[in-house]
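Q: Sequence:
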Amino acid sequence: MHARPPAHTDDAPAQVRYRQGRTTCVRATASPVLRAPVNPAMAVASPRRGRGRGGAVALLLLPVLLLACRAPAAAGFNTEFEEDKSPKLPRCDNPFQKVKVMYWVDGEQMSALIGMTARFGGMVPDTAAAAPKLPAVIPSSKTGCQKSPQLAGNIAVTERGECTYLEKANAAASSGAKAMVMANDIDDVGKMVCSKNDTALDFKIPVVIVSRSNGLKIFEAMDGAKKVEMQLFSPNKAAFDAAIPFLWLMAVSTTACAAVWTAVVVGEEEKKAPPEGDQEAAKTEEPEIVELQAETAFVFVIVSSCVLLFLFFFNSIWSAWLMVGLFCLGGLQGLHFLASTLIVRACKKCGDTKIKLPAVGNVTAVTLVVLPIALFIVIMWATHQTSPFAWVGQNLMGIGMMILVLQIVQMPNIKVASALLISAFLYDIFWVFISPLIFKKSVMITVAKGTDNGPSLPMVLKMPKEFDVWNGYDMIGFGDILFPGLLVAFSFRFDRSHGKGVGNGYFPYVMIGYAVGLSCTYVGLYLMKSGQPALLYLVPCTLGTIAALGAQRGELSQLWNAKA
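So for the sequence shown, our numbering puts the first residue at 1; every next one is plus one.
Any given hint could be a false lead.
Unchecked claim - PhoX-like mimics (lysine-lysine), calculated; alpha carbons at most 20 Å apart, straight line: (1) LYS98 <-> LYS147; (2) LYS98 <-> LYS227; (3) LYS133 <-> LYS98.
To be verified - Ranges between beta-carbon positions, derived for each pair: (4) ALA128 <-> ASP106: 48 to 58 Å; (5) LYS227 <-> SER174: 19 to 29 Å; (6) SER174 <-> PHE219: 17 to 27 Å; (7) ALA359 <-> PHE219: 24 to 34 Å; (8) GLN385 <-> PHE467: 17 to 27 Å.
Everything labelled a hint here was simulated from the structure, so no lab data went into it. The beta carbon of each residue, even a glycine, is placed where N, CA and C say it ideally should be.
Let's have the full structure, built from the sequences with the hints guiding it.
A: So, in structure tokens, the structure goes:
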């Protein structure tokens, strides 16, 4: 029986806290979705936290489950542009090429830009050695709709508008230009195609389009009479992506560590009774866990879809920075949690040393040492996101945050797991594959790409493609670790509470299912040459594994109604 919560007051309009045994419960008066564990004997002790802090951290980090769904659906996006049903006509049937736009400003090489060729015109070479390095020149009219003698022997740089793609390309070719680069009027590369009525397709110069933000970089570089040179080529993608095995290992290791962290690192030592009258010490010892309920699945689908649509229609720099801010906050908590628990595990006495600070109260010595270091890492990452090594800090913060979330947020049984994972599964498929039929483009992938002139999406684990000529990163979204990770962590707790070992337990098999599902994701990515929703493979391989195994052992009812 739950203890009766205190009456609702004006001081606590959002939620009411009450205690049952050794577990602090959080009852949201506005929504019944989150409830605290009803069986305190099954709760696993977590590191010591200040009064109410664990629940506050949980409520703060729960939105990560929603924000993570903004991440790329699989390991990354395809380096080739997908063919579509745009018309292929005589002399206008080129395949779309992904183009590497190298440029130099007064001899200094800048970061490469990405563009795409048109259905018409010439093709760019596939090696840098075969691509000439030529001066970039802006026509007399920036839109490039008229001939410009200064383009002869150079690369014409124009902006979209006033006339058609073909008219611009013909003007550049007739002026003697060797190629044309056009800046789009949106932050995306459009597909330049022909209509049945188009004529004058005899020119042979390559025509390349870049996004608006990349076009602005080129125009800004050309201001002030600076000398800008360009080189256009389309290198072939490596047959094997060496970053994928490392990313796979990182995701699988994070999921496994999160499941066993409390038992292996934090430990479950018997707690000493606090001194009589020391109520604050008693409160400090009590872990706070947020237990998900089946209703969470419906809230997840509705809220996530609304957030996704909002970001799709109002995708801007401020929304990207909001994501960065939330990630920094969660990353700081995660780094502090990981380091603190590891230190206390190695030196048990370190966690007992406390220092009283003005306006803060008692703070452990471990926190005073760890928190400034964690804050330094977070600040360095936030201010150096474009650094070649920023991915290291991002991965440390992300792994710490996900492990912390999976200690605080728990599934009680596979009934809740089925509701949440199947909802996430359908959500992923709808917004990746079905949404283009309604919105003309994939809502999930469009939002995940963000804007070219804003910060990159932080809710992913990243691994640089060191051996790929296109560079870039392979990525996996936090949601592809957190959602299956909740089920993996449940299987571990279920095995321990029922005295199961490796042979007759569920945890090893669910972990193998996760590893196999993630491998299938990368196989699908390779075979289909396009981004894949990882939950399409992970949900059947994890939820299907534990359900099938439970049915075979005659324990499905226990798993379905467990109180873990």
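Q: 48 to 58 Å was suggested as the range; check whether the CB atoms of ALA128 and ASP106 agree with it.
A: 20 Å, violated
Q: Please work out if LYS98 and LYS147 have their alpha carbons no farther apart than 20 Å.
A: 27 Å, violated
Q: Does the Cβ pair GLN385, PHE467 satisfy 17 to 27 Å?
A: 23 Å, holds
Q: Hint says 24 to 34 Å; check whether the CB-CB distance for ALA359 and PHE219 agrees.
A: Since the Cβ atoms of ALA359 and PHE219 sit about 52 Å apart, the hinted range of 24 to 34 Å is violated.
Q: Is it true that the CA of LYS133 sits at most 20 Å from the CA of LYS98?
A: 18 Å, holds
Q: With the threshold set at 20 Å, check whether the alpha-carbon distance from LYS98 to LYS227 stays at or below it.
A: 25 Å, violated
Q: Given the hint of 19 to 29 Å, is the C-beta distance from LYS227 to SER174 inside that range or not?
A: 25 Å, holds
Q: Can the suggested window of 17 to 27 Å be confirmed for the beta-carbon pair SER174 and PHE219?
A: 23 Å, holds
Hint compliance for this structure: hints 1, 2, 4, 7 are not met, and every other hint is.
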